[in-house]
Amino acid sequence: MERGKAPPQAGLAPARSEAQPSGVTASGARSEAQPSGVTGRIACLLVPALPLAAELRARPELAGHPLAIAAGPGPRAEIVAVSPEAARAGVRTLTSVVHARATCAALVVRVLSPAQDEAARGALLDAALSASPRAEHAPPGNGAHAGEAAVFVDARGVASLFRSEAGFAGALAERAQRLGLPARVAVAASRSVARVAARQLAYEDGGAGDVRVIAAGHEAAFLAPLSLDLLCPADAQAEALSRLGLRRVADLLRLPERALVTRLGPGIRPLLALARGEDRAPPPPVPPDLRLEEATDLEAPLERLEPLGFVLRGLLDRLAERLACRGLAFGDLELALRLEGGGRDARRVGLATPTLDLRVVLRLALLALEAAPPRAAVSAVSVASVGRAVRGDQLDFFRPAGPAPAVLARTLAELAALVGPARVGAPAVADDHHPGAYRVEPFRAPKPGATAQPDSEEVPALAVRALRPPLPARVRLLGGRPAWLASALANGRVERAAGPWRTSGRWWSLEERFAFDHYDVATGDGWVVRLRLDLLHRRWEIDGVYD
Amino acid sequence: MPPTSSARAPALAPRPGGPALDALLRDLGASVQRGGLEAPAASCFATGLAEIDRALGGGFPRGRVSEVVGPACCGRTSLALALLARVTAQGELAVVVDRPDVFDPASAARAGVDLERVLWVRPPGVAEALRSVEHVLQAGGFPLVLVDLAAEEAAALRIPASAWPRLRKATAAAAAALVLLGRQRLAGTFADLALELDAAAPRFESAPDWLGGLDCRVRLVRSRAGPAHAGVAVRWRAGERHAA
Numbered sequence: 001m002e003r004g005k006a007p008p009q010a011g012l013a014p015a016r017s018e019a020q021p022s023g024v025t026a027s028g029a030r031s032e033a034q035p036s037g038v039t040g041r042i043a044c045l046l047v048p049a050l051p052l053a054a055e056l057r058a059r060p061e062l063a064g065h066p067l068a069i070a071a072g073p074g075p076r077a078e079i080v081a082v083s084p085e086a087a088r089a090g091v092r093t094l095t096s097v098v099h100a101r102a103t104c105a106a107l108v109v110r111v112l113s114p115a116q117d118e119a120a121r122g123a124l125l126d127a128a129l130s131a132s133p134r135a136e137h138a139p140p141g142n143g144a145h146a147g148e149a150a151v152f153v154d155a156r157g158v159a160s161l162f163r164s165e166a167g168f169a170g171a172l173a174e175r176a177q178r179l180g181l182p183a184r185v186a187v188a189a190s191r192s193v194a195r196v197a198a199r200q201l202a203y204e205d206g207g208a209g210d211v212r213v214i215a216a217g218h219e220a221a222f223l224a225p226l227s228l229d230l231l232c233p234a235d236a237q238a239e240a241l242s243r244l245g246l247r248r249v250a251d252l253l254r255l256p257e258r259a260l261v262t263r264l265g266p267g268i269r270p271l272l273a274l275a276r277g278e279d280r281a282p283p284p285p286v287p288p289d290l291r292l293e294e295a296t297d298l299e300a301p302l303e304r305l306e307p308l309g310f311v312l313r314g315l316l317d318r319l320a321e322r323l324a325c326r327g328l329a330f331g332d333l334e335l336a337l338r339l340e341g342g343g344r345d346a347r348r349v350g351l352a353t354p355t356l357d358l359r360v361v362l363r364l365a366l367l368a369l370e371a372a373p374p375r376a377a378v379s380a381v382s383v384a385s386v387g388r389a390v391r392g393d394q395l396d397f398f399r400p401a402g403p404a405p406a407v408l409a410r411t412l413a414e415l416a417a418l419v420g421p422a423r424v425g426a427p428a429v430a431d432d433h434h435p436g437a438y439r440v441e442p443f444r445a446p447k448p449g450a451t452a453q454p455d456s457e458e459v460p461a462l463a464v465r466a467l468r469p470p471l472p473a474r475v476r477l478l479g480g481r482p483a484w485l486a487s488a489l490a491n492g493r494v495e496r497a498a499g500p501w502r503t504s505g506r507w508w509s510l511e512e513r514f515a516f517d518h519y520d521v522a523t524g525d526g527w528v529v530r531l532r533l534d535l536l537h538r539r540w541e542i543d544g545v546y547d
Numbered sequence: 548m549p550p551t552s553s554a555r556a557p558a559l560a561p562r563p564g565g566p567a568l569d570a571l572l573r574d575l576g577a578s579v580q581r582g583g584l585e586a587p588a589a590s591c592f593a594t595g596l597a598e599i600d601r602a603l604g605g606g607f608p609r610g611r612v613s614e615v616v617g618p619a620c621c622g623r624t625s626l627a628l629a630l631l632a633r634v635t636a637q638g639e640l641a642v643v644v645d646r647p648d649v650f651d652p653a654s655a656a657r658a659g660v661d662l663e664r665v666l667w668v669r670p671p672g673v674a675e676a677l678r679s680v681e682h683v684l685q686a687g688g689f690p691l692v693l694v695d696l697a698a699e700e701a702a703a704l705r706i707p708a709s710a711w712p713r714l715r716k717a718t719a720a721a722a723a724a725l726v727l728l729g730r731q732r733l734a735g736t737f738a739d740l741a742l743e744l745d746a747a748a749p750r751f752e753s754a755p756d757w758l759g760g761l762d763c764r765v766r767l768v769r770s771r772a773g774p775a776h777a778g779v780a781v782r783w784r785a786g787e788r789h790a791a
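Protein chains in written order, with our numbering: chain A, 1 to 547; chain B, 548 to 791.
Which chain A residues stay away from chain B? Per the calculated CB distances, all over 12 angstroms, these:
id: 1; residue: Arg59
id: 2; residue: Ala71
id: 3; residue: Glu118
id: 4; residue: Ala138
id: 5; residue: Gln177
id: 6; residue: Glu204
id: 7; residue: Asp235
id: 8; residue: Pro256
id: 9; residue: Glu257
id: 10; residue: Glu278
id: 11; residue: Leu290
id: 12; residue: Glu293
id: 13; residue: Ala389
Quick list of simulated restraints, FRET-style, between CB atoms:
id: 14; chain 1: A; residue 1: Gly420; chain 2: B; residue 2: Leu568; range: 45 to 53 angstroms
id: 15; chain 1: B; residue 1: Arg705; chain 2: A; residue 2: Ala372; range: 25 to 33 angstroms
id: 16; chain 1: B; residue 1: Pro707; chain 2: A; residue 2: Ala437; range: 33 to 41 angstroms
id: 17; chain 1: B; residue 1: Leu568; chain 2: A; residue 2: Glu441; range: 35 to 43 angstroms
id: 18; chain 1: B; residue 1: Arg705; chain 2: A; residue 2: Arg439; range: 30 to 38 angstroms
id: 19; chain 1: A; residue 1: Arg439; chain 2: B; residue 2: Arg601; range: 32 to 40 angstroms
id: 20; chain 1: B; residue 1: Pro712; chain 2: A; residue 2: Arg444; range: 27 to 35 angstroms
id: 21; chain 1: A; residue 1: Gly341; chain 2: B; residue 2: Pro671; range: 31 to 39 angstroms
id: 22; chain 1: A; residue 1: Leu356; chain 2: B; residue 2: Pro671; range: 32 to 40 angstroms
id: 23; chain 1: A; residue 1: Arg375; chain 2: B; residue 2: Arg713; range: 34 to 42 angstroms
id: 24; chain 1: B; residue 1: Pro712; chain 2: A; residue 2: Leu161; range: 54 to 62 angstroms
id: 25; chain 1: B; residue 1: Ser709; chain 2: A; residue 2: Pro133; range: 51 to 59 angstroms
id: 26; chain 1: A; residue 1: Asp534; chain 2: B; residue 2: Arg782; range: 31 to 39 angstroms
id: 27; chain 1: A; residue 1: Arg539; chain 2: B; residue 2: Pro707; range: 36 to 44 angstroms
Simulated from the structure, these hints should not be mistaken for laboratory data.
Note that beta-carbon positions come from the ideal geometry of N, C-alpha and C, so glycine has one too.
Please work from the sequences and hints to get the whole structure.
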């Protein structure tokens, strides 16, 4: 049997729904034999031509056009996937780009993007995880199935949530479709049978969204009439089986195992197990992390931020769809750019609160880029985020609500871009004896709660306006106390002075130690200032003004 | 006296609920009010200084632009911190747009400001300061925006005249109280309320010598709500460091 061709040939095509064995339901029809109390039930979510699906997911405007995916740039690159429109126009895989263009003048050729494919794979897993907590990527196919992407989903107990396994399969297909991936779904007792069933659906004429449920105990009957190619044997095995005249699964199972192993080697055993529908793999695990990534390779490097913004919008839009599909929201954003010439630009965009507001996230990403533009033209873009659960604000009935969290995040980012990140925040008193010490902390809308009401009867406190840095001053002393002051602010005779109050600290550090004598001084020109003598450097300064 | 004063219409007749309901409403403050046929008055933020609040008709009005002006060391900042303390104590968020970078967190904490509820923005220029104000007003949820422009003379600030109607509109839309601190009045007729502070007199105590505070006089020079006020005297007390 020749590899690389579409497997279902005339006479070898998998059984159609009208010829299906009992216990098999297709296209969302409910199975008569609903499994009850069955421990192993697996769904397989399969996209037959991932490069094509990933391209159409990234550029939906290409849907309906004759489209071909090339393995690389240049006219001699090999076509690895074609759309149905291109196939109808005579374009075939494994031909060169120049040949494909000659066949169809209107053909749109895009270069395979591994990053885009990986993102589509991730989206397929997200569709699965939106319906079941346990799911994992299937191992890649080979030969004619090399372009497919599949995900195994734990389908135990789903009938109670989705009314039936067919309902569950339909929900999976619908969610994959919502993420831009035309998927086929099959449910069976084992991974291998579910995958073969989904693969068979893909090679039938049915479109995306088809589902099939193989009832427990009917696996062998389902597999028997199928083409051996659907089991995805290795190339050498496929050739050997073809030489022996074996076309269908039933043909293979009719032969004694020992004789087959003798002739074809022990490597045939896994294929035999597959043909029998045996699978001892444990259920899919719960994925360890919630990091989601969308990426794309750009056909031409981008030098300006404006077009990069359009690329980012597309990526973030798809990422938001995936997050929403799993009931999550954007956490901090990881933005990675591959630069022309081999450089890499990675940055982290912090979000004050999880949000699915695309406008906010895009604005924050663009502000980060505007604040520090990439050093060179960008040839690939990747955005990733660890999904975080969105929690509703617990508002206090008697206390006012602050700004909406997403709007607050955007406002803080805009302010940071406008005045600098270090110049926006919540002020805080530093745990330090230095007279000018203070802290600026990230501003977070505090939780509502009781706040002490200032006593209205109390005499109001006098405020100090801190001068940063302190203002140099010249002071004339009389009897060891300031008597005359000259500075950029206060000048003239010192009418009244109180002090000194000595402050010192950080004596253990030569660079940071300080010692001041502070005076409160009222000058003849109406100023009341906080004057200090720096004892270490023997200089006078004004570090505050009473106002 | 609720923390946020509202110029309520006088009660026309005894209302149901009795003293228990009155006590409850008093405890809950201005967040909860009796329903009724009376038109709700524009709310305002009290400073907690009874004389000044009385002169202002309750406090600094929300949705309006107010100005607090005067020469150096007149008590502008102290008045602003008193307002900030009252507002944050009510659980509201406030923004301090601090163009000259003179806000002193320690001093504010002594005045009773809940610093966690203050967003401190230190713009490098006047243009950035005005844009910051617009950003926070557009965001909403910050009912008090305090803008310190007191470092320079009004002419040196070079604020375009078109800025004030825009800010006034944004302030009204956000229902926030926009309070400008300056040496001279800046917003002109776009300010609904203006307080002018006279030069203050420092008050020194003896034995030992320490700065007891400032005595100043506050005059209401512009108010759309009512006639200008002759002025009230305010005594500010110096910080604990000096009293100790």
